[in-house]
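Colleague: Listed in order, the protein sequences are those of chains A and B.
No gaps in the numbering here: position 20 of the first sequence is 20 in our numbering, and each next residue is one more.
No gaps in the numbering here: position 364 of the second sequence is 364 in our numbering, and each next residue is one more.
Dumping the calculated SDA-like pairs for lysine to any residue here, alpha-carbon to alpha-carbon at most 25 Å:
1. A/Lys317 / B/Lys459
2. A/Lys380 / B/Gln371
3. A/Lys207 / A/Tyr166
4. B/Lys141 / A/Gln435
Treat the hints as calculated values from the structure; they're not laboratory data.
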Amino acid sequence: MDLDLFFGRFHSLIVHLPVGFIFLIIFFELYYGFLKKELNNKLVTLSWFFCFASSLFSSISGYLLSSRGHYIDENLFVHKIFGFILVGVSLLSWLGRTSFIKFKLSFRNKSILNFGVLILLSITGHLGGNLTHGSKYLTEFLPIQIKNSVAINQNIDKNIDSIYIYKDLVSPIFESKCVSCHNSEIKRGELDMSSLVSLIKGGNSGKIVDKTNPRQSELFKRITLAQDNIKFMPSDGEPTSYYEKNLILWWIKNLSESDQLIKPSEVSDEMKYVFNHLYSLDFEQKTWDKRLKLQKLKGFKEIDPKKFEIKFISSQKKYITVKCLNEKSEIDFKDLEEISNHIVYFDVYEGQLDDSSIKNILSFKNLVKLDLKHNAITDKGLKLISVLENLEVINLIGTNVTEKSLDIFEEFKSLKRVYLWKSGIKNDQIDSFNQKQNKITLVGSVK
Amino acid sequence: MNCNSHEHNKKYTRRDFLTKTSLGMGAVTLGSLLNTNSMLGNYNTDSLNPNLRLPHFAPKAKRVIYLFQSGAPSQLDIFDYKPTLVNLTGKELPSSVRGDQRLTGMTAGQATFPMVGSVFNFKQHGQSGAWMSDLMPYTSKIVDDLCFIKSMHTSEINHDPAVTFLQSGSNLPGRPSIGSWVSYGLGTDNKNLPEFVVLVTKNKSGQPLYARSWGNGFLPSKHQGVQFRSGKDAVLYLENPPGVNHESRKEQLEYLKKLEDINYRDIGDPEILSKISQYEMAFRMQTSVPEVMDISSEPEYIFDLYGEDSKNPGTFAANCLLARKLAEKDVKFIQLYHQGWDQHGSLNKDIKVQCKETDQATAALIQDLKQRGLLEDTLVIWGGEFGRTAYTQGRISDPGYGRDHHPKCFTIFMAGAGIKKGITIGATDEFGYNIAERPVHIHDFQATLLHLLGVDHEKMTYKHQGRRYRLTDVHGNVVNEILS
Chain A
1 MDLDLFFGRF HSLIVHLPVG FIFLIIFFEL YYGFLKKELN NKLVTLSWFF
51 CFASSLFSSI SGYLLSSRGH YIDENLFVHK IFGFILVGVS LLSWLGRTSF
101 IKFKLSFRNK SILNFGVLIL LSITGHLGGN LTHGSKYLTE FLPIQIKNSV
151 AINQNIDKNI DSIYIYKDLV SPIFESKCVS CHNSEIKRGE LDMSSLVSLI
201 KGGNSGKIVD KTNPRQSELF KRITLAQDNI KFMPSDGEPT SYYEKNLILW
251 WIKNLSESDQ LIKPSEVSDE MKYVFNHLYS LDFEQKTWDK RLKLQKLKGF
301 KEIDPKKFEI KFISSQKKYI TVKCLNEKSE IDFKDLEEIS NHIVYFDVYE
351 GQLDDSSIKN ILSFKNLVKL DLKHNAITDK GLKLISVLEN LEVINLIGTN
401 VTEKSLDIFE EFKSLKRVYL WKSGIKNDQI DSFNQKQNKI TLVGSVK
Chain B
1 MNCNSHEHNK KYTRRDFLTK TSLGMGAVTL GSLLNTNSML GNYNTDSLNP
51 NLRLPHFAPK AKRVIYLFQS GAPSQLDIFD YKPTLVNLTG KELPSSVRGD
101 QRLTGMTAGQ ATFPMVGSVF NFKQHGQSGA WMSDLMPYTS KIVDDLCFIK
151 SMHTSEINHD PAVTFLQSGS NLPGRPSIGS WVSYGLGTDN KNLPEFVVLV
201 TKNKSGQPLY ARSWGNGFLP SKHQGVQFRS GKDAVLYLEN PPGVNHESRK
251 EQLEYLKKLE DINYRDIGDP EILSKISQYE MAFRMQTSVP EVMDISSEPE
301 YIFDLYGEDS KNPGTFAANC LLARKLAEKD VKFIQLYHQG WDQHGSLNKD
351 IKVQCKETDQ ATAALIQDLK QRGLLEDTLV IWGGEFGRTA YTQGRISDPG
401 YGRDHHPKCF TIFMAGAGIK KGITIGATDE FGYNIAERPV HIHDFQATLL
451 HLLGVDHEKM TYKHQGRRYR LTDVHGNVVN EILS
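Use the sequences and the hints to build the structure in full.
Modeller: So, in structure tokens, the structure goes:
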């Protein structure tokens with residue numbers, strides 16, 4: 001007989017009674033305490049008795065429900081313990097107001113106890129909610145600005161070519177919807193969904209994912225049944241969404257024994273939309289102005305217009321282009337300190353920079369384009385600036401870099417194009433480099 | 001002509017009085033929207049540059065070189081490969097294909113409309129596999145750097161309205177040209193040269209060119225394109241008259257400025273300011289223009305690259321070389337005009353001449369810009385004002401087939417800043433008559449061009465005769481597929 005479960009399921013009904021009772025009576029006490037008026041003592045005591053009784057029944061039904069064990073233990077444990085404590089505290093609150101025992105609560109102690117009850121109730125209630133609806137339920141529709149500021153989002157903040165299909169995309173869905181019942185300890189239906197290996201192994205009814213026939217896979221069938229079907233999964237909590245179903249189907253189709261990196265070129269437009277919806281994954285290559293996160297520049301000290309030509313790139317006033325002028329043979333990097341983070345283009349005049357002074361450029365953290373043409377830069381100088389992670393374009397025309405720099409180019413994180421006319425790197429070296437990889441394009445002289 | 005400027009007492013018209021008193025800062029002329037100085041951001045950025053509104057966002061292109069092929073080159077003989085047309089040459093163009101589209105008076109009276117395939121051989125080139133005929137061997141070699149739009153279309157069927165439409169966004173004369181809008185909106189990067197320079201191939205005939213194609217329309221006149229000519233005087237009347245030296249010219253201009261300042265305080269016509277700045281610009285150009293026009297220091301291999309014509313000033317090749325030099329000097333908008341593509345008859349013979357004059361230099365310009373790192377922020381555009389028909393005008397043989405004006409589809413290509421490389425977008429039907437895929441209208445093209453310069457085409461406006469005007473009128477969508 002499943003009588004225990006029958007009563008257990010009343011937990012979600014009864015549990016709302018103590019919540020209402022406790023809040024109501026505490027507000028009454030607070031209100032009358034504030035007005036310094038007498039409250040009907042009998043009614044108060046009776047109310048507190050209801051609080052205690054309803055919380056007792058809640059916790060008994062809750063205990064029955066939890067004993068069937070398809071919740072993750074660690075989440076349940078705290079909820080359970082807090083629930084029991086709440087029963088105890090409400091018993092204390094009731095007894096402290098009755099006349100048939102000697103013990104009486106002073107006004108001050110009542111207030112402290114009331115406060116404690118409220119806190120306990122909130123925490124227990126919240127944990128219980130998390131168990132049924134998942135921990136993201138409450139904040140799911142929080143306005144995105146607030147969400148970002150308190151940093152609870154599930155957007156994946158990784159480069160598009162370093163995302164693992166199972167680990168980063170699929171398993172978060174299973175974690176939130178399936179693993180509470182199907183983990184290595186509880187294993188309902190002998191199924192453990194907490195790792196890729198155990199997932200592929202399957203459960204009581206055999207394998208649950210079939211690459212050759214994804215739609216007939218047990219896993220996909222179960223999440224797409226009618227919701228009132230006894231076999232529908234997940235049996236508790238939020239069903240999988242349209243997008244999650246799409247993602248799971250796609251994952252089954254492309255299943256492999258070991259977790260693979262996602263290959264953006266092989267993802268269809270429709271799936272890109274799904275990924276974007278679920279994880280804000282952007283398959284479009286982000287241009288630098290969308291990637292850099294800079295604030296508008298309010299103002300800065302005047303910089304000698306004879307030394308530098310300084311311009312905002314756009315009316316957004318975030319990005320600055322600096323052109324060094326011919327006036328001096330050395331660059332006064334001190335003058336640029338204040339705006340160094342905003343410099344995205346830096347144009348060095350002929351012969352102003354060498355292998356030692358080039359290190360000053362490292363302070364331009366958001367530099368995107370660097371024009372070093374006709375400066376005495378060698379492989380050593382280039383190596384120094386290879387840590388600039390936003391640098392996309394370098395003009396090395398007429399510099400002394402040699403073929404040793406070919407390896408250094410690959411160390412730059414965002415490098416896309418390098419201009420090498422009249423440098424120490426020859427056209428055939430450039431051609432073989434370009435053929436070898438497709439991230440960076442080297443441009444030599446016209447053939 | 002600027003119809004906004006009142007003859008007398010500009011400052012004190014009733015309308016201006018009301019505008020100034022009711023809007024306060026609104027009276028700041030839109031003409032000062034963005035000059036060089038307001039681009040300089042040294043100081044408190046808000047208090048000193050309240051008018052810095054452009055570019056709206058970070059531009060991909062700093063400058064544009066527009067190689068305009070006036071007269072409309074035949075897309076069907078150079079880019080748009082149509083084997084069906086070759087197979088069906090001589091057969092009547094199905095009326096279902098033509099529909100009830102209008103034709104020009106030149107062929108509307110023709111009894112038949114026989115299709116004519118290109119006599120030139122087409123091949124795929126580069127890794128991108130772009131189709132090109134053997135008319136353009138040099139350009140064929142660089143197709144992996146180009147982006148073809150094969151589905152351009154326009155609303156105009158005759159040359160002048162079509163050129164006017166393409167250059168100004170309206171088929172009626174009087175609107176500012178693209179280059180003028182760019183000059184007005186983005187200002188200059190080199191105060192010694194105009195923002196908008198025009199180079200026209202010499203000794204060409206065909207459809208006439210009008211200076212209003214690079215005119216400023218209702219914008220302040222300093223934004224009009226300045227034509228650089230070949231020969232002794234690149235810019236007419238720029239040099240001092242005989243007997244006047246540099247110093248006395250300078251002194252003369254200073255006194256003139258004082259007088260004009262008084263004049264402006266009296267009348268307040270913004271054209272006076274335009275005039276002063278043009279006098280000063282002309283003075284600076286007395287040194288800067290000869291410098292940029294001097295190609296004697298170019299090495300021999302550069303001349304070899306651009307072709308034999310490049311040593312002959314005024315040819316398309318020489319102008320391409322100049323365009324590169326102007327780009328190096330940060331001129332914002334450089335427009336070349338090459339006439340002679342209007343081939344209603346003997347197209348199969350004449351188009352060879354046109355291609356020979358332009359092919360090598362076009363490819364050379366793009367490669368030369370590329371090796372110098374200039375293609376990074378320079379946008380190069382090649383194209384005419386419309387396309388040519390799939391049917392012949394006149395007989396197919398003797399002296400050769402011709403093609404009439406065809407606004408329904410044509411091909412242009414672009415290269416450089418912010419543009420995807422080695423791609424083709426849009427397609428025409430198998431007859432090369434209608435667009436089958438992704439139409440791109442002139443206004444879309446203009447919107448995209450402005451977008452690459454960091455300008456939202458819907459936001460850059462100029463108020464004239466009571467309404468705000470844009471280059472794209474009320475149309476235009478950015479062609480996002482070609483943006484890199």
